[in-house]
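The task is to assemble the complex, starting from two chains supplied on their own in separate frames and drawing on the hints.
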Amino acid sequence: MTVADESDETLMMRYGRGDAAAFDLLYRRHEMRIWRYLERNVGNRATADELMQEVWFAVARDAPRYEPSARFTTWLFTIAHNRMIDSVRMSRRQTSLETLGYETESVVEQLTSDPSAGPLAAAVARDQAGALVRAFEKLPGEQREAFLLQVEGDLSVEEIAAITDSSFETTKSRLRYARTKLRELLKEHL
Amino acid sequence: MNEVPPGQDVPDDADDLYRRASALDESRPSELVRRRVLGHAAQLAAERAAQNAANRTWRRPAIFGTLAAAALAGLLITPRFFTPSVPPGLPPTAALQPPAALPPAAPLPPATVSRNQEAPAPAASEQRANRIPEPAAEFAAKDSPAKMQNMAAARSRAAASDASQAGALAQPMAPLAAAGRSSDPAAELRRAAEIGDVPEMQTLLDKQPLIEARDENGRTALMLAALHGQSRAVDVLLAHGADPNAADGQGTTPLQAAVAGNQQAIVAALRRAGAR
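Read top to bottom, the protein sequences are chains A and B. Using our numbering, you'd call the opening residue of the first sequence number 1 and step up by one each time. Using our numbering, you'd call the opening residue of the second sequence number 1 and step up by one each time.
Note that these hints are calculated values from the structure, not bench results. Don't be surprised by glycine CBs; every beta carbon is placed ideally from N, CA and C. Mixed in with the good hints, there may be bad ones.
Stated by the list, open to error - A few chain B residues facing chain A, derived, Cβ under 10 Å:
1) Ser22
2) Glu47
3) Asn52
4) Ala53
5) Asp197
6) Pro199
7) Glu200
8) Leu210
9) Ile211
10) Glu212
11) Ser231
12) Gly251
13) Val259
14) Arg272
Okay, chain B solo, but in the shape it has when bound (with noise of 0.2 Å):
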């Protein structure tokens, strides 16, 4: 019998029988079929072109809006970083006055205190005013030591004033940093699995998602660390007892993904775990 490797790259005899016998065969696709293909394709394209366009007239308005946002962000966060560190023949009381746009240093409720002390702003505050010494303290040290005092003074003030600001801003931040995320374990375990980010993974896989949970083309987190090439993630969801014949809306299973991407590691990963 007549050994046939199995990569094919050289031509085979029988391979090329059949070529011949096949150019000599005159059958084809109607041509009814033909038109209706096309005709349908060029529908289908057509919407896409209409719905990119009216994505990109909504997408601009968005991007200014976005930089605009990020403008006046800028405008009232920028004025903390120039605040002045006593300059000297100022009183202390002149230098700490809040922009006008901010709000007044005031005494903050337990919750802000506790969100402050949380959060990493004050601490970069404080460091901000650990800083100031060493270019003011040469300068202070040739002042008087009632010139010392004052600056110290001012400067755990200014620490303050800032932990309150940042605080103020912090409140708003919080729920728009939670908006960022998906309320969805399972989701979140399937984008994880996409970019194989194997720590989050084990996180999210304590809280027992539904690890088989499919996105809206019927693809499981497998499936999806799978077309990725996320040969971890493909571990770590097989390790969690992940369905590895699980297909897709398509038909198309993770084995047939990795195999089509030319994923080694995976395939035989799937292998091992049963995937046919």
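Here chain A stands alone, though its shape is the one from the complex (with noise of 0.2 Å):
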């Protein structure tokens, strides 16, 4: 088996030990992931930028002390999600807007004031491309996120459920009411 070959908690060990080959290798397998798990949630090409590097900087620094009974890809995304978090509350206190219901929509609706025209929306050269974005920016926070977490994290409603501090039927229903919206705006443009 080559070290392409080996599971992700097995290239964090290596890297723990001092294996930076290990971690170019994470890298690569998750970049994308996080990155469109990121972006899609902030809609900020800079936020997500800075976000990134928050997070794989996390990882590189807590990985002696990663638990190899936790899935790699679960404990990715809680980073991701917490580092977001984090950003929020942030953004929040420079900002002084007032309280919202749910972190992660907020970062949404601070960072873009006019959805059409949005840095995202710039960012990505085609319709179709466009159509996801603006899908994106209809979508309530909550269904947005949960919906990256399952897709790009590919985690299971209870790990989604755990993550974002939600019961499991919640959860479900947000999957459910987020996919109902993208297939009808999907639909339309692909």
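Written out as structure tokens, the structure reads:
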């Protein structure tokens, strides 16, 4: 078995012992999944870049303490979720906006004042991809995040419920509503 | 409304639409971020590799030192097991001469006697003294009653000698044994929770340690039990009022840890206790 075939958990253990190549491989495997999760949640490329760096710095720093009993992707997306929440809190303090019910949702509301001309939309070149951005902007934050955790993180409903501090049934409903709405919105363009 | 199964193992058409649209999205993280992340990770890896190498060079003499100490202890203790049990033809006093390296048997101070009475070593020596008769008794039965009396006296003195030597050994061993245990009941509780040692946990909980005390990673005893899948330990801690939502330094809660480890019983117990 080559290094490329090794599990994420094994690579993390190797990196924790000082194998830099193991981290490179992990980063390549999950770079785009984490990027899409962050960018589509915050709707802002600069913020997503900052968060991306923070998430992977945290992974590198905490590697020696990583417990292989937890699945690597669950751990990775939990870090990403927590960093995003921290970012919202900081952003809220800086902008002094009124408290919103759900923090992840508030990121988009704070950072994209005009959805149709948001920075994420500008970064997407093609119409179909633009449709995806617009569809996501129409989803409530909780539904968007639950959906992204499942399709990008490949997480179960229970894992998503635990990460987002929600009940199993609520999470299941969010996923159902997100899919229904995305299906309606994307079918018109694809 | 279209029902989606919770496991989402079967590809949904919404997922398919999302992936098709996603493939057309050309946005990427910036190259600068990638360089910074990989550079930082490589730097940390180099530091860890250097630290591991330093630990290895330190460990080697430590291992040899430990082995040497064990060998020395073996040399001191082994002769006691080969003390002759009064071979026939020898005067009893000759058989009972202690090894040169050991101090001669002397009257024991009361404290040492008391410790010997509690320690298992004297009991073992008594057992050994009692074991002697089986082969020796047949042999002795063929000898004169005077020899029999000498052997009985020799056995009782051998037992006393063993007791005094065991007492001398027990004195330096006691602080070593105590040093192996943490003096912090909260730390001991975390350790017991981690390995699922429920009887030890019950003992420690009777001392009322700080049940929410955390280790260097901010993890409580409950978090450690959840991480290591110790279902009974989780039950005990929750029954003693442990906070089911006490997150660690990374913000991970016991429930998240249990879900990640697919520990269904722990997930259920935490939820019943109000974990979110």
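These are the hints, each one checked on the structure:
1. Ser22: Hint on B:Ser22: holds, closest Cβ of chain A at ~6 Å, below 10 Å.
2. Glu47: holds, 8 Å
3. Asn52: Holds: closest Cβ of chain A sits about 6 Å from B:Asn52, inside 10 Å.
4. Ala53: holds, 9 Å
5. Asp197: Because about 18 Å separates B:Asp197 from the closest Cβ in chain A, which is outside the 10 Å limit, the hint is violated.
6. Pro199: violated, 24 Å
7. Glu200: With a minimum Cβ separation of about 22 Å from chain A (threshold 10 Å), the hint on B:Glu200 is violated.
8. Leu210: Status violated, d = 22 Å.
9. Ile211: Result: violated, 21 Å to nearest chain A Cβ.
10. Glu212: Where the cut-off is 10 Å and the nearest Cβ of chain A is about 20 Å from B:Glu212, the hint is violated.
11. Ser231: Violated, because the Cβ-Cβ distance from B:Ser231 to chain A comes to roughly 13 Å (cut-off 10 Å).
12. Gly251: Holds, about 4 Å.
13. Val259: Check passed: Cβ of B:Val259 comes within 4 Å of chain A, closer than 10 Å.
14. Arg272: violated, 13 Å
Violated hints for the displayed structure, listed by number in ascending order: 5, 6, 7, 8, 9, 10, 11, 14.
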